[in-house]
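Could you build the full structure based on these sequences and the hints that come with them?
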Amino acid sequence: MTLTAGSNLEKILKSGQKAVTCECGPPRGADAEHFRHKAAFLKDCADAVNVTDNQTAVVRFCSLAACTILMDMGIEPLMQMVTRDMNRIALQSNVLGAAAVGIKNLLCLTGDHNSFGDHPQSKNVHDLDSVQLLDCVRRMRDEGKMISGTEVDGRPAMFIGAAANPFADPFEFRVVRMAKKIQAGAQFIQTQCIYDMDRFSKFMEMANDMGLTEKCFIMAGITPFKSVGMANYMKKFVPGIIVPDEYITRLKGVPKDKVAEEGIKIAVEQIQQCLEMKGVAGIHLMAIEWEERAPEILKAAGLLPRPKV
Amino acid sequence: MVVAESKPVAEILEMVKDCKKVVVAGCKGCVTVCNSGGEKEVGILASELRIARKAAGNDLEVMEYTCERQCDPEYIEPLDDLAKDADAIVSIACSVGPQYVAARYPYLQVYPGLNTTFIGGSAEHGVFKEYCQACGSCIIGDFGGLCPVARCAKQLMNGPCGGSSGGKCEVGKGQIDCIWHLIYERLKNLGQLHKLEQPWGYKNWSTSREAGPRTMIREELRK
Ligand code: SF4
Ligand code: SF4
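In the order they appear, the protein sequences are chains A and B.
According to my numbering, the first sequence is numbered sequentially starting from 75.
According to my numbering, the second sequence is numbered sequentially starting from 6.
Just so you know, the hints here were simulated from the structure itself, not pulled from any lab data.
Here are the simulated BS3-like pairs of lysine-lysine, each with C-alpha atoms no more than 30 Å apart in a straight line:
no. : chain 1 : residue 1 : chain 2 : residue 2
1   : A       : Lys-276   : B       : Lys-178
2   : B       : Lys-22    : B       : Lys-89
3   : A       : Lys-197   : B       : Lys-173
4   : B       : Lys-89    : B       : Lys-12
5   : A       : Lys-309   : A       : Lys-332
6   : A       : Lys-300   : B       : Lys-178
7   : A       : Lys-276   : B       : Lys-200
8   : A       : Lys-289   : B       : Lys-200
9   : B       : Lys-25    : B       : Lys-89
10  : B       : Lys-59    : B       : Lys-12
11  : B       : Lys-178   : A       : Lys-310
12  : A       : Lys-330   : A       : Lys-309
13  : A       : Lys-310   : B       : Lys-173
14  : A       : Lys-330   : A       : Lys-300
15  : B       : Lys-178   : A       : Lys-197
16  : B       : Lys-200   : A       : Lys-219
17  : B       : Lys-12    : A       : Lys-197
18  : A       : Lys-310   : B       : Lys-134
19  : B       : Lys-59    : B       : Lys-45
20  : A       : Lys-382   : A       : Lys-352
21  : A       : Lys-326   : B       : Lys-178
22  : B       : Lys-173   : A       : Lys-309
23  : A       : Lys-276   : B       : Lys-173
24  : B       : Lys-26    : B       : Lys-45
25  : B       : Lys-45    : B       : Lys-25
26  : B       : Lys-208   : A       : Lys-197
27  : B       : Lys-134   : B       : Lys-193
28  : A       : Lys-326   : A       : Lys-276
29  : A       : Lys-197   : B       : Lys-134
30  : B       : Lys-208   : A       : Lys-219
31  : B       : Lys-208   : A       : Lys-289
32  : A       : Lys-373   : A       : Lys-339
33  : B       : Lys-173   : A       : Lys-300
34  : A       : Lys-309   : B       : Lys-178
35  : A       : Lys-289   : B       : Lys-193
36  : A       : Lys-276   : B       : Lys-193
Calculated Cβ distances over 10 Å to all of chain B for the following chain A residues:
no. : residue
37  : Cys-136
38  : Gly-148
39  : Asp-283
40  : Glu-288
Glycine residues also receive a C-beta, built at the ideal position from the N, C-alpha and C atoms.
Next comes the structure, spelled out in structure tokens:
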């Protein structure tokens, strides 16, 4: 097994076992205790824990700091980085800094637009996009060069990932764009939340046909519904997410105090369906502000205990 | 053209609140075409200012003039006579205009009567859209002639992002076209989808505003 970063996540994926990542968002303040509390639930559940970077363009404490907290807790971090807020100087600096403190997994994103966040009057940057950031990190790691051509003094050993959204349009281009990310440097992909199983399975078919699953590990993104309201909100307001009505009907069909259980049941089924699809290398569980339920979901899906590599 | 829109009259009234006599100066260039700063709009704004101040019991004398252009020193000269007795000039050219006026009259207040919005064109009567951000090195040849710098909310060189839905951008509540969807469709029509299969490299922003205010020198014209 040749390793680029030697992270736990990389080793598990490369050993051919289904990997699990979970997500943990830093708080909107300096309350590290709250973050530690949420992360503690994920400790033995995930091969690496994604730390979001000001997700939905809302100010939170920074991803890099949150990753170091995870490391202190013995949890492997997967640092997310968006190109919305930093130019190529700051991005490269953060990648180098992250590698210097021992972060080994990096997810390169463009990020949600700042007009959706809590500072819509901010200036956005977008000096690079996610594909360019992937290329930039891969070059620093493999060629030892910054975008400018300057030699890096110590290459950042990163296991590099990207996102893909099979539910955005035009559908037939989504897999081509993923191929572009892989070509730029993505070694693994975490998808947007999957609810439309048919569309995801078509996407995976196309990925298999193009040989992408041979080149890259595709992890299926799952977000359990906490309530009917959340399902409706995602269906109506979150750009690039498709929620089939059958799930909303199912959630509505159970007594109020059983909706959460039903949401978890759906998530478990979705995980199992995804894992049956050819080319799915693992699950990325985004239990948003519901980290405490992640262990039971993963257990019910047969993904616990996590393998040691 | 440069597209601009009128500032609210209340904002202009606030700017000129201490004046007794002002010039409203229009421009026969772009702002005439986008109906925000030509002769007609000069007349309308002048009347609005007069009426409002009269109603407030504090008459304002307003002189009107529309320059051939305000982005050329020689076309500002005709303002000299009016400027002599004025307390301020309200320019309703694009925001280049008030700066030329300010440079010509060092001791006179100059106020912008418009908000300059973008480089664009009209989509239909009364609707204007942004098309270019003057990045200084045009790359639209790679994208079917459509601009991802000005027309993609995230300035992606490798779009469309995961928020593109039904041809619309995730920004703008379904009102803005996803330019990357249009780029895709256009290259498909042109049989050039292969152009979107390779990562597009790094944009050089140093020709843009990022390198500081820009000057263009055309030696052959200076001789
Ligand atoms: S690429 Fe630059 S110059 Fe060309 S249309 Fe876009 S912003 Fe304008
Ligand atoms: S939806 Fe389209 S236009 Fe809007 S940010 Fe994404 S790629 Fe750009």
